[in-house]
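Enquirer: Here is how the chains run, residue by residue.
There are 8 protein chains.
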Amino acid sequence: MDPASLVKLFAQVKAGKLSADEAVARLRHLPFEDLGFAKVDHHRVLRQGMPEVIFSQGKSPKQVAGIFARLAEHEGNVLATRATEDQYRAVSALVPKSEYRPLARAIVLKRDRRRYGKGMVAVVSAGTSDIPVAEEAVVTAELMGNSVQHIYDVGVAGIHRLLAHRGTLVKARVIIVCAGMEGALPSVVGGLVGVPVIAVPTSVGYGAAFEGLAALLGMLNSCASNVSVVNIDNGFGAAYVASLINRR
Amino acid sequence: MDPASLVKLFAQVKAGKLSADEAVARLRHLPFEDLGFAKVDHHRVLRQGMPEVIFSQGKSPKQVAGIFARLAEHEGNVLATRATEDQYRAVSALVPKSEYRPLARAIVLKRDRRRYGKGMVAVVSAGTSDIPVAEEAVVTAELMGNSVQHIYDVGVAGIHRLLAHRGTLVKARVIIVCAGMEGALPSVVGGLVGVPVIAVPTSVGYGAAFEGLAALLGMLNSCASNVSVVNIDNGFGAAYVASLINRR
Amino acid sequence: MDPASLVKLFAQVKAGKLSADEAVARLRHLPFEDLGFAKVDHHRVLRQGMPEVIFSQGKSPKQVAGIFARLAEHEGNVLATRATEDQYRAVSALVPKSEYRPLARAIVLKRDRRRYGKGMVAVVSAGTSDIPVAEEAVVTAELMGNSVQHIYDVGVAGIHRLLAHRGTLVKARVIIVCAGMEGALPSVVGGLVGVPVIAVPTSVGYGAAFEGLAALLGMLNSCASNVSVVNIDNGFGAAYVASLINRR
Amino acid sequence: MDPASLVKLFAQVKAGKLSADEAVARLRHLPFEDLGFAKVDHHRVLRQGMPEVIFSQGKSPKQVAGIFARLAEHEGNVLATRATEDQYRAVSALVPKSEYRPLARAIVLKRDRRRYGKGMVAVVSAGTSDIPVAEEAVVTAELMGNSVQHIYDVGVAGIHRLLAHRGTLVKARVIIVCAGMEGALPSVVGGLVGVPVIAVPTSVGYGAAFEGLAALLGMLNSCASNVSVVNIDNGFGAAYVASLINRR
Amino acid sequence: MDPASLVKLFAQVKAGKLSADEAVARLRHLPFEDLGFAKVDHHRVLRQGMPEVIFSQGKSPKQVAGIFARLAEHEGNVLATRATEDQYRAVSALVPKSEYRPLARAIVLKRDRRRYGKGMVAVVSAGTSDIPVAEEAVVTAELMGNSVQHIYDVGVAGIHRLLAHRGTLVKARVIIVCAGMEGALPSVVGGLVGVPVIAVPTSVGYGAAFEGLAALLGMLNSCASNVSVVNIDNGFGAAYVASLINRR
Amino acid sequence: MDPASLVKLFAQVKAGKLSADEAVARLRHLPFEDLGFAKVDHHRVLRQGMPEVIFSQGKSPKQVAGIFARLAEHEGNVLATRATEDQYRAVSALVPKSEYRPLARAIVLKRDRRRYGKGMVAVVSAGTSDIPVAEEAVVTAELMGNSVQHIYDVGVAGIHRLLAHRGTLVKARVIIVCAGMEGALPSVVGGLVGVPVIAVPTSVGYGAAFEGLAALLGMLNSCASNVSVVNIDNGFGAAYVASLINRR
Amino acid sequence: MDPASLVKLFAQVKAGKLSADEAVARLRHLPFEDLGFAKVDHHRVLRQGMPEVIFSQGKSPKQVAGIFARLAEHEGNVLATRATEDQYRAVSALVPKSEYRPLARAIVLKRDRRRYGKGMVAVVSAGTSDIPVAEEAVVTAELMGNSVQHIYDVGVAGIHRLLAHRGTLVKARVIIVCAGMEGALPSVVGGLVGVPVIAVPTSVGYGAAFEGLAALLGMLNSCASNVSVVNIDNGFGAAYVASLINRR
Amino acid sequence: MDPASLVKLFAQVKAGKLSADEAVARLRHLPFEDLGFAKVDHHRVLRQGMPEVIFSQGKSPKQVAGIFARLAEHEGNVLATRATEDQYRAVSALVPKSEYRPLARAIVLKRDRRRYGKGMVAVVSAGTSDIPVAEEAVVTAELMGNSVQHIYDVGVAGIHRLLAHRGTLVKARVIIVCAGMEGALPSVVGGLVGVPVIAVPTSVGYGAAFEGLAALLGMLNSCASNVSVVNIDNGFGAAYVASLINRR
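Protein chains in written order, with the working numbering: chain A, 1 to 248; chain B, 1001 to 1248; chain C, 2001 to 2248; chain D, 3001 to 3248; chain E, 4001 to 4248; chain F, 5001 to 5248; chain G, 6001 to 6248; chain H, 7001 to 7248.
Keep in mind that the hints are not guaranteed to be accurate.
[To be verified] Straight line, CA to CA, 30 Å or less: simulated DSS-like cross-link-like pairs of lysine-lysine:
| id | chain 1 | residue 1 | chain 2 | residue 2 |
| --- | --- | --- | --- | --- |
| 1 | G | K6014 | D | K3017 |
| 2 | A | K8 | F | K5008 |
| 3 | F | K5118 | G | K6118 |
| 4 | F | K5017 | A | K8 |
| 5 | H | K7171 | A | K171 |
| 6 | C | K2171 | B | K1118 |
[To be verified] Derived CB-CB ranges, DEER-like:
| id | chain 1 | residue 1 | chain 2 | residue 2 | range |
| --- | --- | --- | --- | --- | --- |
| 7 | D | L3103 | E | K4171 | 47 to 57 Å |
| 8 | F | D5086 | G | R6115 | 33 to 43 Å |
| 9 | B | S1147 | H | T7084 | 36 to 46 Å |
[Said to hold, decoys possible] If you want the ones that stay clear, here's a sample from chain C, every Cβ over 12 Å from chain B, calculated:
| id | residue |
| --- | --- |
| 10 | K2014 |
| 11 | K2017 |
| 12 | P2061 |
| 13 | Q2063 |
| 14 | R2070 |
| 15 | T2084 |
| 16 | E2085 |
| 17 | D2086 |
| 18 | S2092 |
| 19 | A2093 |
| 20 | Q2149 |
| 21 | R2173 |
| 22 | A2224 |
| 23 | R2248 |
If you're looking for bench data, these hints aren't it; they were derived computationally from the structure.
Even glycine gets a Cβ: it sits at the ideal position worked out from N, Cα and C.
Based on the provided sequences and hints, a complete structural model is requested.
Expert: Here you go:
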């Protein structure tokens, strides 16, 4: 699919080193392997410049460990999100250098310590209960080579707390804001800065919070124009987008 | 139903002025009249200390005028909300002293100009498009004998605009906050003051605002504890509750 | 942010006691401390006249105890809502004078026993299963210095039960009504009295009750104008609003 | 399908008057005719003891008139619900004895004036705006041979209005209750009587009424056990069910 | 509230046996007792001709037993729905004659064995998984003095199964139809008979059944006019309504 | 993308008729043209064996006509669905042989009259108001070369009407069933036959039909296993799928 | 119900071998038996050409085993879906030849190994977590006599993975596509082939996936016209429909 | 609020040029003006580096023109979105140099023609009907100083159309993807590139598209990690975020 290799392929055909049929077959040969239950795509690293990530929820410890170990054979960092301690035990048996971050519920194998991001990514969260989601964002952003600063417990009902952190906010190149309940924090943060804000609704709250729906709708309707939104509790996704922006 | 009258009724029975059957019949005689299509309840004034109000939407101009005129025969103020100019024309033919407030879409007959509220009611709104709802609240609160101040166009994405009005906010005894889109303003206002905040979600916004649902859910999930909520676009209801609080 | 201190600050600058930079820094110095996982805001007491409250759900016993103990170092009452017995055990180890109210699922430290509310707050609930929410409201309102009376098990399908309590209802300055299922009780209560009614939908019911959604919608659409609504099961919020109103 | 005719059919076969094939064909011959766009089923009268009814909404005046005229060729009453004046003009050209009831939006051809219902059907409605739905129920119930009494404008926020009609309510054999907004009226009525209550949610209300959804959910969750529910605005259906009950 | 007693009360006043104040107080004295956590209303029996019923879900075994025993002190049948075996054990310790019906999850005390219903109530259910709801309806209807017949496992995808039971269906005076999934069975049954059909959506199904919502909406939109609907899984409510109809 | 052409392409490279770069460029050359506002893909005919179809809703008459005319330059049939008479006038000016089918709201250009389907496609609809959707299915299926039979007005509340058409149903190779309201018809039809049933929910109904949502959920939860579902009112899609099945 | 038997029946009547009444009775005798809790319909095999299937979820092991054993007395294959290992143990005690397929959560008794399907059914799934649903489809399709090929882990965010399997896709006669999250895979697959695609939304995903609702809506709105949809997680239903199509 | 000015302010106080009270007052003086109905905030330009934008929907032509003219007095570009031709006429009377872009429904005043973005922004849309939203994004992005390329009509059901544009896609620094119906396009685009993708759900589609909800949910659940989402039809918001990213 990449022009250079194609030109090379055609050159080999012209030079008689490959028959037409062999060339077609080779075109078909795409770079992924079959583990039986999941096709691991190492080329995604090339395509997107980011490590493969395992979404562990709903997978058995053995499945998580199997995929993790396979990915660890290649270079680069490996991350398993939504991982339990049980899943970590299975992973660590196969990949002893992996670490578990309980707050973020993440298994991490960090080998590439280069700084890819040009500036700082701020991760802001509204309440104590939003911390797991915010930590998932922090761990992910760090693993993807960003300088990260956290600002925790700065809900909109105590606006002076947030204003006290204005200095940090204006220094960030991208800001991730995690909030449950009414999901108002991204709007306020968005109004204070001139950089992209990635909003993460969290499933924190009760009653009419409807597992994050209220926060999600709030963020989608933000009156601040620099806000875009990812899925409920998706700290990983927010950090992934923020990392891409920070590399621009 | 009121003990004093009951005691008097029993006294009449005892005195032989009323037979038992007549007394039972009288107990049944409740104070409302039959207009054919709507029973107007003048005692509500006594019961709740507020004028009768007509919700005009979905009623014909003739129906609105009929009810309005009937209510105008008694003392006190009369208010018709969600009224069109057509409905006003029908009302004004019967009740020439009535006035139309186009921004608030209200027909008003103001005769009782006493100040019932002990302090000031602030009405805050987020955007230009929330004004009709906010104005309905303003007109209602004024008609119910309150001193009212409006603070308009102070959305959360420009938090300094709101902070500039902090002086007015802290002087209010009750605050009504009207906001559409993400509905975050009541939380921020609620965090700045120590008085009850009545939140009114408006149907302003588009897409995932879902006709006010996003704002409604946001307000119900407010992280500020001094916030309670009324129905979408219900400026009247918010002012009614605020008036009762302001009379405490 | 408070004018008096600002004037004093400028005076110090003028007097040469503070450099301009020091003054700016001091302006930035806002009154909250960092516990690592949650910024406790003692000034909220000043700002709103109410104690800090901990929402315990989803926090570890250790986290609840940590915040509770810190807040207990200052004066005033402390309240932890949605608390389990496990969380209470952790709190009581650090704050032996704290008490657990199982029906209300609340941990309470009551030191300020002044009566702040001017009148009585009535708490009305529809069914046996609404009691936990109603009790949360009762405990909260008492802790905030109100005289409280409960009226339990007075659903709308037996309207005479409610009418029998009319005497208590008309004596209240504010009324909290907790109801699940169709959520009709606030409308009926609202029609009987001339004071603000705070409606609390509860998640009681089954099938199309949809975890309190039916009651919530019912209350938002109340045909009684003196009703405003808080989140599903939010007995605390209702009592907080009621307390503010009762202090007017 | 009816045993008697089947026995007769077999007897004819046995007697040699019908061949087996003819008998099968006759079994297949079901009693409805083909109008091209709608199969009119006259046997429904026999099966359910009620006239055929035309739901006019979304049909052209010509279509309504065509079906109406066809039905009018047979005996019995004919009813077209949700009919516009345009549709009525088309019907009345073909069936001059038909009448239009504007409040109920119904076209009526009344020829069978017998009283089928054993007792009285009460139709109760909460507000002026619920009248069209209530009137549809009234017209339908009358056409189906019931004695009907209406009690209008008796919302739950003025409970004494409803209690004043208790005499009528306890005389009814079935009660239809139409209400929008919070839909609480059926619960209160249901608690006052010992007869079946058919609840009709109406699409009256605004904001979080969500076109009748709030009322519908409220009624389905009624805490009164004698309440069952029909579709939003379905006055016809309620009267149909009530008529069947009243014939028991 | 009942005219006869009122007349008697007034007579006593007239005769000087009661002072006016005592009479007022007595009017206030309504016939329910206070158990501490639930007001049991014995008069409901008089008012509606049906025994008191306990909804056991969410109540402790002790609470269920307490209410059950109290109700058992009076005459008539007692029913606890949604009861667990644990709750039954607590009840049976206090009321040894009570029985547990596991399929229906009901505790029953049957003392009044009179036949109140004039005809037969048919209970139809679509699938094996609808049986608990259908059995709740059966037990309730029997306890309320009806002759009951069940027709189980007759879903619409095998329409001949249902048609085979047509004989029983046409003999019923009222029919209860329980169905999950698409909830189509009441429409088909409704089309076959000329009696009221009470539809009970069940939470059976998966995926887009959304816990009974699909069935509920299906039934509310039934194209058969003799169908009314109760809450999801509310077998009790259906039987209650059916019993009232069967007594007409 | 098709192996044969690829082999040929490589052969040309080998033979020196094409340079490697030219070959790469040719691989890139995909068979669609640019109309400015819509890329018309003629190869879709080859890929799927069906004509291109224009969804006219929301397009201007000029846009519809432009695309239609372009498609008409090639062979095969052309179909514009959801077309207004205005759109047809614009099309017919450019393509005089096109025809308008008002019931189905379709513009048709039929040139290929071959019979591609192996058997008959039955289109069943429940009520008069479902006809536009059913007709869209009929027109589409005919245009795609199928023999089609319609069975109209056979709702589940009159099950004998449907049973009378059993002969036609069992002869069909695929059945399309259009139904609004409770959407039960596909389940009943599905139970009578052993062929695939394509269910089309229609937006017919009112109140809790929620614009076809009730029917959609009903069909997705069908207890008949041979039913699959397309979007609300999507008669075209159903006919498209049915045509593919009928060609198998 | 089948003409031949009817003709025979009439012939017997004519020949005097059966009385008319006996014939009617025989007509009534439909071919299912009563197990007490579920009517097993062996004729469904004849009617639809497929074995009876047990939906095990929510049934006790004993119930599943009872139905399974009964069905196993007749010829043909038997399938129990959504079965737990506990349920299998109960089944295998009665039917030792039954097998458990843990990935598909299915109990299988395969005796008829004929190939009924004319071509190959491809089962495509997007992610590792969709495998249980896809396997249910695979097991079902195999049991119904189809040749089946699986293509796993080919989500739309790595479109080249899917394209690599194009060869298999174009060989299939029907394609089942299982996908959670955004449910986009059926659209992409549908665009690549000219055969019917049966889309199965899975409940995989989190947050705004809302238990499969996002995928379901995505698939219903597919821009590929050859897609129809079954219920969330309904791998069985998809395979059933695919089998019918593959037999055409 | 900006440290430099604060330091300067304190310096003036120190120098005796300002009293403490004057300094406090000046701190309060925030930079916005009062137009009566909307506070225009010129400083937002400084704060976020972008021009003020008017959301015209629901505003009168006079209101739009008033705000537009006021903003035009200052330097920089002005943009009014969701503008009608009527609104444009009012604006152009006051600001003759403004232009109307009908496809994008935008009024534009372009004076600053500098290129602020570092690279190219690609705007991709799925269908003809998504063009208005896509054009709003294009106009906005151009006005904010970006090089923009559009790729239109590349839906996922014809994946080769999209692949043909891969060259453009990989050259973009940010990509905006507008799609209605199933909203799958951002996932596919996201998988092809390594840059941030801003997804805009459009309200295009019918039936179960539910005014853009299906697309919105699809995009939030994207299996491509580089996707974040803005509100339904919010082309402006997407371009705003993209512009900020492109300036990094």
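Enquirer: Indicate, hint by hint, whether the structure satisfies it.
Expert: Hint check results:
1. The suggested pairing of K6014 (chain G) with K3017 (chain D) holds, with an alpha-carbon distance near 10 Å, which does not exceed 30 Å.
2. Distance check on the hinted pair: K8 (chain A) and K5008 (chain F) sit about 18 Å apart at the alpha-carbon level, within 30 Å; holds.
3. This hinted pair checks out: K5118 (chain F) and K6118 (chain G) have alpha carbons roughly 15 Å apart, not beyond 30 Å.
4. Of the supplied pair hints, the one linking K5017 (chain F) and K8 (chain A) holds, its CA atoms being roughly 17 Å apart against a limit of 30 Å.
5. A C-alpha spacing of about 29 Å is found between K7171 (chain H) and K171 (chain A), which places the hinted pair at or below 30 Å, so the restraint holds.
6. Taken as a hint, the K2171 (chain C) and K1118 (chain B) pair is honoured in the structure, with Cα atoms around 20 Å apart against an allowance of 30 Å.
7. Checked against the given bound of 47 to 57 Å, the beta carbons of L3103 (chain D) and K4171 (chain E), roughly 40 Å apart, lie outside it.
8. Between D5086 (chain F) and R6115 (chain G) the CB atoms are about 54 Å apart, so this pair departs from the stated range of 33 to 43 Å.
9. Restraint check, S1147 (chain B) to T7084 (chain H): a C-beta distance of roughly 39 Å satisfies the suggested window 36 to 46 Å.
10. No beta-carbon of chain B comes within 12 Å of the beta-carbon of K2014 (chain C); the shortest separation is about 24 Å.
11. Annotated as non-interface, K2017 (chain C) keeps its C-beta farther than 12 Å from every C-beta of chain B; the closest such distance is 27 Å.
12. Separation of P2061 (chain C) from chain B is adequate, the least Cβ-Cβ distance of about 23 Å exceeding the 12 Å criterion.
13. Every beta carbon of chain B lies more than 12 Å from that of Q2063 (chain C), the smallest distance being close to 18 Å; the non-interface claim holds.
14. Even its closest Cβ contact with chain B, about 19 Å, leaves R2070 (chain C) beyond 12 Å, as expected for a residue assigned away from the interface.
15. With a least beta-carbon separation of about 21 Å from chain B, T2084 (chain C) lies farther than 12 Å from that chain, consistent with its non-interface assignment.
16. Here E2085 (chain C) stays apart from chain B, with its beta-carbon at least about 25 Å from theirs, past the 12 Å limit.
17. For D2086 (chain C), the condition that its CB be more than 12 Å from all CB atoms of chain B holds, with the nearest at approximately 25 Å.
18. For S2092 (chain C), the shortest C-beta to C-beta distance to chain B comes to about 25 Å, beyond the 12 Å cut-off, and the non-interface label holds.
19. Distance check for A2093 (chain C) against chain B: the nearest CB is about 28 Å away, which clears 12 Å, and the non-interface claim stands.
20. Against chain B, the non-interface label of Q2149 (chain C) holds: every CB pair exceeds 12 Å, the least being about 17 Å.
21. For R2173 (chain C), the non-interface assignment is contradicted: its Cβ lies about 6 Å from the closest Cβ of chain B, within the 12 Å cut-off.
22. Listed as outside the interface, A2224 (chain C) is inconsistent with that label: its C-beta sits roughly 9 Å from the nearest C-beta of chain B, within the 12 Å cut-off.
23. With a least CB separation of 4 Å from chain B, R2248 (chain C) falls inside the 12 Å interface cut-off, contrary to its annotation.
Of the numbered hints given earlier, the model fails hints 7, 8, 21, 22 and 23; all others are met.
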